[in-house]
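Use the sequences and the hints to build the structure in full.
Our numbering applies: residue 14 is where the sequence shown begins, and numbers increase by one.
Don't read these hints as lab results, they were simulated from the structure.
Warning: the hint list may mix true and false statements.
[Unchecked claim] The following label-pair restraints were derived from C-beta to C-beta distances: (1) Ile-96 / Gly-564: 34 to 42 Å; (2) Phe-300 / Glu-188: 14 to 22 Å; (3) Gly-94 / Phe-300: 28 to 36 Å.
This one's a predicted model, so the numbers in the text were calculated from it and none came from an experiment.
Note that beta-carbon positions come from the ideal geometry of N, C-alpha and C, so glycine has one too.
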Amino acid sequence: MAALPAHPHAPSVPARPALRMPPHLPPAPRLPAPLSAHLWRIARSLINAGRKAMRDEPLQAAAVTTVILVTWAIIIGTVLGLIHLLNQPLYLPMKQRLLEVLLALFLFTLSVMVVISDVVLVWSGLFRTRAAWFQAALPCTDRGLFWAAALEGGLWAGWAVVVLVAPLVGTLALEAAQPLLYLPVAILAVLAFIACCLAAGSLGALLLARLIPLLRRGLPGLFALSLAAVVLGIPLALAAFEERSSPVTFMNEVIGKLAFAENPYLPSWWTQQALNAALASRWPVAFWHIALTALTAAGIAVLAEELARRRLRLEFDLLAGRPDRSRGQRSRTWRLPPLLPADLGLLIAKDFRLFLRDPAQLVQVTMFFGLLGFYLMLLPRLGAAFKFDPQWKLAVSVLNLTAIGMAVATFTGRFVYPMPSLEGRRLWVLCLAPFPRQRIITGKYVFALLVGLPISIALTALSGWMLELPITAVVAQTAVMACLVTGMAAAALGLGARHADYHEDNPAKLVSGYGGTLNLMASLIFTGALVIPAGITLIPVMPGWVTAVAGLWIGGLSLVWTWGFLALARRAFDRAGEAR
Numbered sequence: 014m015a016a017l018p019a020h021p022h023a024p025s026v027p028a029r030p031a032l033r034m035p036p037h038l039p040p041a042p043r044l045p046a047p048l049s050a051h052l053w054r055i056a057r058s059l060i061n062a063g064r065k066a067m068r069d070e071p072l073q074a075a076a077v078t079t080v081i082l083v084t085w086a087i088i089i090g091t092v093l094g095l096i097h098l099l100n101q102p103l104y105l106p107m108k109q110r111l112l113e114v115l116l117a118l119f120l121f122t123l124s125v126m127v128v129i130s131d132v133v134l135v136w137s138g139l140f141r142t143r144a145a146w147f148q149a150a151l152p153c154t155d156r157g158l159f160w161a162a163a164l165e166g167g168l169w170a171g172w173a174v175v176v177l178v179a180p181l182v183g184t185l186a187l188e189a190a191q192p193l194l195y196l197p198v199a200i201l202a203v204l205a206f207i208a209c210c211l212a213a214g215s216l217g218a219l220l221l222a223r224l225i226p227l228l229r230r231g232l233p234g235l236f237a238l239s240l241a242a243v244v245l246g247i248p249l250a251l252a253a254f255e256e257r258s259s260p261v262t263f264m265n266e267v268i269g270k271l272a273f274a275e276n277p278y279l280p281s282w283w284t285q286q287a288l289n290a291a292l293a294s295r296w297p298v299a300f301w302h303i304a305l306t307a308l309t310a311a312g313i314a315v316l317a318e319e320l321a322r323r324r325l326r327l328e329f330d331l332l333a334g335r336p337d338r339s340r341g342q343r344s345r346t347w348r349l350p351p352l353l354p355a356d357l358g359l360l361i362a363k364d365f366r367l368f369l370r371d372p373a374q375l376v377q378v379t380m381f382f383g384l385l386g387f388y389l390m391l392l393p394r395l396g397a398a399f400k401f402d403p404q405w406k407l408a409v410s411v412l413n414l415t416a417i418g419m420a421v422a423t424f425t426g427r428f429v430y431p432m433p434s435l436e437g438r439r440l441w442v443l444c445l446a447p448f449p450r451q452r453i454i455t456g457k458y459v460f461a462l463l464v465g466l467p468i469s470i471a472l473t474a475l476s477g478w479m480l481e482l483p484i485t486a487v488v489a490q491t492a493v494m495a496c497l498v499t500g501m502a503a504a505a506l507g508l509g510a511r512h513a514d515y516h517e518d519n520p521a522k523l524v525s526g527y528g529g530t531l532n533l534m535a536s537l538i539f540t541g542a543l544v545i546p547a548g549i550t551l552i553p554v555m556p557g558w559v560t561a562v563a564g565l566w567i568g569g570l571s572l573v574w575t576w577g578f579l580a581l582a583r584r585a586f587d588r589a590g591e592a593r
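Set out below in structure tokens:
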């Protein structure tokens with residue numbers, strides 16, 4: 014189409030001169046690098062959290078400080094008691110060797126816990142949270158995203174290592190040849206150990222992201238196979254036990270059966286060697302093992318960074334897509350638990366399906382039951398050996414009861430406490446259901462009991478059987494464990510509903526908050542209030558009326574504790590439903 018001719022009387026418009034750029038322009042302001050921005054965000058969050066705790070929530074800061082101080086007192090008291098016991102003439106020849114083995118076992122167990130916790134935290138920071146989805150849309154490099162999630166997850170997972178290792182390292186300074194020189198070298202060894210664990214956890218998070226699409230296609234049996242391997246290993250561990258009667262022979266037996274923690278390819282063993290060398294003032298050996306641990310951490314971190322550069326966006330796209338439903342999952346009906354009302358069965362089935370859909374929860378429950386299985390395999394190595402010494406039999410049974418109670422406290426605090434908060438985005442749907450809102454709390458409580466009671470009671474009965482306790486003592490300890498599970502589950506639900514955060518979808522941050530700290534303190538108090546009377550009843554010289562009073566105390570306290578926290582949970586959840 015031809016252009017229209019210009020109007021003859023139209024005013025002429027002078028042509029615009031070409032724009033000339035000034036010869037010297039100031040350089041454009043440089044934006045901060047993406048990783049620097051992430052680091053600034055993490056540092057600012059820590060500063061704001063500290064100011065909020067000191068200014069707005071001093072009770073929370075006091076509660077956290079109290080928990081840390083109590084933990085330090087328990088660890089210091091345990092280490093000092095062990096050193097005092099080994100200073101006796103009967104055990105003095107085995108003192109140095111036994112300290113080395115126990116330190117290696119402690120660091121090995123701690124490394125497993127830290128690595129798995131860091132895997133979950135880094136995976137959540139990279140792929141799960143809403144912040145991860147937002148950051149993936151920013152002009153950030155894959156390496157920057159990886160390091161931001163790795164550092165933030167490492168801060169959450171590493172502080173627990175510092176809390177547990179600091180009193181141990183400080184107490185061992187009493188055995189050092191040069192305490193003032195030992196402490197800085199020990200700190201370097203612990204820092205290298207933490208760095209190695211966190212680097213392994215970051216690499217494991219990327220490998221977990223690769224594994225999840227396979228799990229969606231029908232491979233959840235990997236977790237079942239892992240649990241089956243632990244169960245099959247228990248009889249082998251039981252069969253490997255050989256009876257001994259002499260205390261010195263017993264020490265040799267314990268050292269021989271705990272030598273698996275001293276594998277020369279484990280970073281925990283390298284750290285143990287560094288600490289032992291620092292205690293004996295063998296500085297070249299200490300620095301050699303510290304350098305080995307630090308270089309291993311650096312190598313794993315570089316490998317994880319390269320894997321993130323190659324696979325981070327691809328794994329993010331795979332995890333953001335819908336799972337494969339080609340195996341008939343749409344037509345699969347819900348299987349309700351038997352012997353329960355229909356409404357409770359539906360709520361429990363819903364919680365179970367949501368639990369299976371969360372890979373982070375699956376990994377953590379695998380860690381939980383894996384540690385319980387590890388404890389089971391240690392019972393014949395430690396607990397059964399004491400059964401030939403009457404002085405130790407009752408003490409070991411009470412210690413086993415306490416250890417299982419702490420495992421139950423970990424389970425309820427990590428999995429039961431966040432459940433009310435995680436219902437935030439779908440609470441309005443549940444409030445429309447044709448049953449009272451309090452029924453939701455009842456369903457979650459029954460769900461916690463169905464998971465926690467069988468495992469804890471089986472562990473308690475197995476401990477009593479290996480120690481050859483009387484059948485009445487085994488029944489009494491299993492009853493105490495049942496009271497512990499019911500009370501801890503109720504306390505976790507009550508405090509979880511009272512301090513619920515319906516805007517947070519990360520269970521790890523929920524557990525690390527003020528309510529999670531209160532729940533931990535409540536679990537410690539409740540465990541002590543029940544285990545101490547149970548231990549008193551095992552003393553042979555105690556009269557029968559003391560046993561009766563202890564039984565009434567345990568039963569009455571458990572009933573009041575459970576009823577009170579369940580009532581608190583129902584009231585708080587009811588108010589939350591009305592508010593939303």
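Each hint tested on the structure:
1. Ile-96 / Gly-564: 34 to 42 Å: holds, 36 Å
2. Phe-300 / Glu-188: 14 to 22 Å: Given a distance of about 20 Å, which is inside 14 to 22 Å, the answer is holds.
3. Gly-94 / Phe-300: 28 to 36 Å: Given a distance of about 32 Å, which is inside 28 to 36 Å, the answer is holds.
This entry satisfies every hint, going by the numbered hints stated previously.
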